[in-house]
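Peer 1: Sequence:
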Amino acid sequence: MSVQDLINAFNEVKGRKPTTADELLDFVQVNYLQGTLSLNEYQNYFKELHAQGAKKPDYFPREELKAF
Numbered sequence: 001m002s003v004q005d006l007i008n009a010f011n012e013v014k015g016r017k018p019t020t021a022d023e024l025l026d027f028v029q030v031n032y033l034q035g036t037l038s039l040n041e042y043q044n045y046f047k048e049l050h051a052q053g054a055k056k057p058d059y060f061p062r063e064e065l066k067a068f
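FYI, UniProt numbering numbers position 12 of the sequence shown as 12, with every residue one higher than the one before it.
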């Protein structure tokens, strides 16, 4: 499946196109966790979307991590 196919799948599920590569990466991760994408497919999408600037948010601000 190409990234364009992934965008089409996102559009079918959400009823709209993704607004950012980050949003598409979230969609890929959900599909991987639900078992609709293999590990290999997930890794390929992750690499391609990461190359396009997608990244996961920091869940804790760096200052909070220093407290641990």
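Just so you know, these hints were derived from the structure itself, not from any lab.
Take the hints with a grain of salt, since some may be wrong.
[Said to hold, decoys possible] In silico lysine to any residue, SDA-like type, Cα no more than 25 angstroms apart, as pairs:
#1 Lys-47 to Leu-6
#2 Lys-56 to Pro-18
#3 Lys-17 to Val-30
#4 Lys-55 to Glu-12
#5 Lys-56 to Arg-16
#6 Lys-14 to Gln-29
#7 Lys-14 to Tyr-32
#8 Lys-56 to Glu-12
#9 Lys-56 to Asn-44
#10 Lys-17 to Glu-48
Peer 1: Looking back at the hints listed earlier, which ones does the structure fail to meet?
Peer 2: none
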